[in-house]
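Q: These protein sequence lines map, in sequence, to chains A and B. Each position in the first sequence, counted from 1, maps to that position plus 289 in our numbering. Each position in the second sequence, counted from 1, maps to that position plus 1 in our numbering.
Don't read these hints as lab results, they were simulated from the structure. Mixed in with the good hints there might be a few duds.
[What the hints assert, rightly or not] With a straight-line cut-off of 25 Å between C-alpha atoms, the simulated SDA-like cross-links for lysine to any residue are:
1. 76/B / 86/B
2. 25/B / 314/A
3. 112/B / 86/B
4. 335/A / 172/B
5. 76/B / 300/A
6. 4/B / 22/B
7. 76/B / 57/B
8. 172/B / 160/B
9. 335/A / 46/B
10. 25/B / 49/B
11. 76/B / 90/B
12. 25/B / 334/A
13. 303/A / 5/B
14. 303/A / 47/B
15. 4/B / 310/A
16. 120/B / 66/B
17. 335/A / 5/B
[To be verified] Okay, the calculated beta carbon distance ranges per label pair:
18. 9/B / 340/A: 36 to 44 Å
19. 76/B / 300/A: 57 to 65 Å
20. 333/A / 87/B: 21 to 29 Å
21. 50/B / 340/A: 58 to 66 Å
22. 86/B / 300/A: 52 to 60 Å
23. 10/B / 333/A: 17 to 25 Å
24. 73/B / 295/A: 22 to 30 Å
25. 160/B / 340/A: 47 to 55 Å
26. 65/B / 295/A: 28 to 36 Å
Computed from a prediction, not measured in an experiment: that's the story for all the values here. Glycine is no exception: its CB is placed at the ideal position from the N, C-alpha and C atoms.
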Amino acid sequence: MVMEKAPVSMRMDKGLREVWRILAERENRSMTNYLESLLIVLRDSKLTLDDLSINEKR
Amino acid sequence: MGKVVVSIRIDSDSKELWRRLAEKEGRSLGGYLDRVIALMEARDLLNDASTMDVIADRLVTISNRLEEMILQGSKKMVKVKESKVQRGQEILEQVLALELPSSLTPAVWQKWVIRLRVKRNNHLDVATATAMLERWELAQENGYDLDELVELAIQRNNADAVYESHIDQPKREGKRGGDHASLFGECVNA
Numbered sequence: 290m291v292m293e294k295a296p297v298s299m300r301m302d303k304g305l306r307e308v309w310r311i312l313a314e315r316e317n318r319s320m321t322n323y324l325e326s327l328l329i330v331l332r333d334s335k336l337t338l339d340d341l342s343i344n345e346k347r
Numbered sequence: 002m003g004k005v006v007v008s009i010r011i012d013s014d015s016k017e018l019w020r021r022l023a024e025k026e027g028r029s030l031g032g033y034l035d036r037v038i039a040l041m042e043a044r045d046l047l048n049d050a051s052t053m054d055v056i057a058d059r060l061v062t063i064s065n066r067l068e069e070m071i072l073q074g075s076k077k078m079v080k081v082k083e084s085k086v087q088r089g090q091e092i093l094e095q096v097l098a099l100e101l102p103s104s105l106t107p108a109v110w111q112k113w114v115i116r117l118r119v120k121r122n123n124h125l126d127v128a129t130a131t132a133m134l135e136r137w138e139l140a141q142e143n144g145y146d147l148d149e150l151v152e153l154a155i156q157r158n159n160a161d162a163v164y165e166s167h168i169d170q171p172k173r174e175g176k177r178g179g180d181h182a183s184l185f186g187e188c189v190n191a
């Protein structure tokens, strides 16, 4: 089954985009594919950004 | 660090999921992704060994730890609540165990104390209850039956069972606890 693709255009931090690129490359994925997996992992964890920011230095 | 424009094509479902997650946090798609990556970096989730599976495991661990923290917080609150309730119960027992004037029976005293708690949200402490009983004793010395006065005050929903008139003047013959209605009834019946 072919998934319908939707275009997204956004502004993001240059450094963080580079981190994203490296992470995807490390797993031999495209940046989009890496992002799709990350979104699913985040959804399944049920964590909010506030949850993630609690004791973030740990 | 500056901003760059990033354009990608992503599965419609994934875009919808992304939109929902970002919207829940009140952020744009780019803003949400920025924050996620920054936080994951700060939590050392993106080091060399962090594959997507490792990240997922770490997120589950964080989630579990948060749940534990919440649970511990709730348990602490329950303990504080329990100790307050227990303290209140102890005070109630002490109030009910106070030495009573001879015309006041423990059952009527208990009824009065419970009524104050329930109807007037007045949780008598030992000192207040002792002062109240000492004052009531003055009415008893004037010939009043405290059981009668208390029952009457309960019936009338009064804040106290003994008033100045009970303390200032001895009880007159034929007057039952200052119950004018009963007295009137007795006169009519006679």
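Q: Hint by hint, note whether the structure agrees.
A: Okay, the hints, checked on the actual structure:
1. Between residue 76/B and residue 86/B, the direct Cα distance comes to roughly 15 Å. Compliance with the 25 Å bound is thereby established for this hinted pair.
2. Taking the CA atoms of residue 25/B and residue 314/A, the gap is about 29 Å. The hint is violated against a cut of 25 Å.
3. Under the criterion of a C-alpha separation no larger than 25 Å, the hint pairing residue 112/B with residue 86/B is consistent with the structure, at around 20 Å.
4. Among the hinted pairs, residue 335/A with residue 172/B is inconsistent with the structure: their alpha-carbon atoms are about 74 Å apart, more than 25 Å.
5. About 44 Å separates the Cα atoms of residue 76/B and residue 300/A, which puts this hinted pair outside 25 Å; it is violated.
6. Under the criterion of a C-alpha separation no larger than 25 Å, the hint pairing residue 4/B with residue 22/B is consistent with the structure, at around 22 Å.
7. With a C-alpha separation of about 28 Å, the suggested pairing of residue 76/B with residue 57/B is violated against the 25 Å cut-off.
8. Proximity of residue 172/B to residue 160/B is assessed by CA-CA distance (about 21 Å); at most 25 Å being required, the pair is judged to hold.
9. Taking the CA atoms of residue 335/A and residue 46/B, the gap is near 17 Å; set against the 25 Å cutoff, the hint holds.
10. For the proposed pair residue 25/B and residue 49/B, the alpha carbon gap of about 30 Å is over 25 Å, so the pair is violated.
11. Note on residue 76/B and residue 90/B: the hinted pairing holds, with a Cα-Cα distance of about 21 Å set against a maximum of 25 Å.
12. Taking the CA atoms of residue 25/B and residue 334/A, the gap is about 15 Å. The hint holds against a cut of 25 Å.
13. With a C-alpha separation of about 5 Å, the suggested pairing of residue 303/A with residue 5/B holds against the 25 Å cut-off.
14. Taking the CA atoms of residue 303/A and residue 47/B, the gap is about 17 Å. The hint holds against a cut of 25 Å.
15. Between residue 4/B and residue 310/A the CA atoms are separated by roughly 15 Å; this keeps the pair inside 25 Å, and the hint holds.
16. This hinted pair does not check out: residue 120/B and residue 66/B have alpha carbons roughly 44 Å apart, beyond 25 Å.
17. Simply put, residue 335/A and residue 5/B have alpha-carbon atoms about 29 Å apart, too far for the 25 Å limit, and the pair is violated.
18. Separated by about 26 Å at the C-beta atoms, residue 9/B and residue 340/A break the suggested range of 36 to 44 Å.
19. With their beta carbons about 45 Å apart, residue 76/B and residue 300/A fall outside the hinted range of 57 to 65 Å.
20. A beta carbon spacing of about 42 Å between residue 333/A and residue 87/B contradicts the range 21 to 29 Å that was offered as a hint.
21. At roughly 23 Å, the beta carbons of residue 50/B and residue 340/A sit outside the given window of 58 to 66 Å.
22. The hint said 52 to 60 Å for the Cβ distance between residue 86/B and residue 300/A, and at roughly 55 Å that hint holds.
23. The hinted window of 17 to 25 Å between residue 10/B and residue 333/A holds, with their beta carbons roughly 24 Å apart.
24. Our hint of 22 to 30 Å for residue 73/B and residue 295/A is violated, since their Cβ atoms are close to 43 Å apart.
25. Under the hint 47 to 55 Å, the C-beta atoms of residue 160/B and residue 340/A, about 51 Å apart, fit the expected range.
26. Checking the proposed 28 to 36 Å range against residue 65/B and residue 295/A shows it holds: the Cβ atoms sit about 34 Å from each other.
Hint compliance for this structure: hints 2, 4, 5, 7, 10, 16, 17, 18, 19, 20, 21 and 24 are broken, all remaining hints hold.
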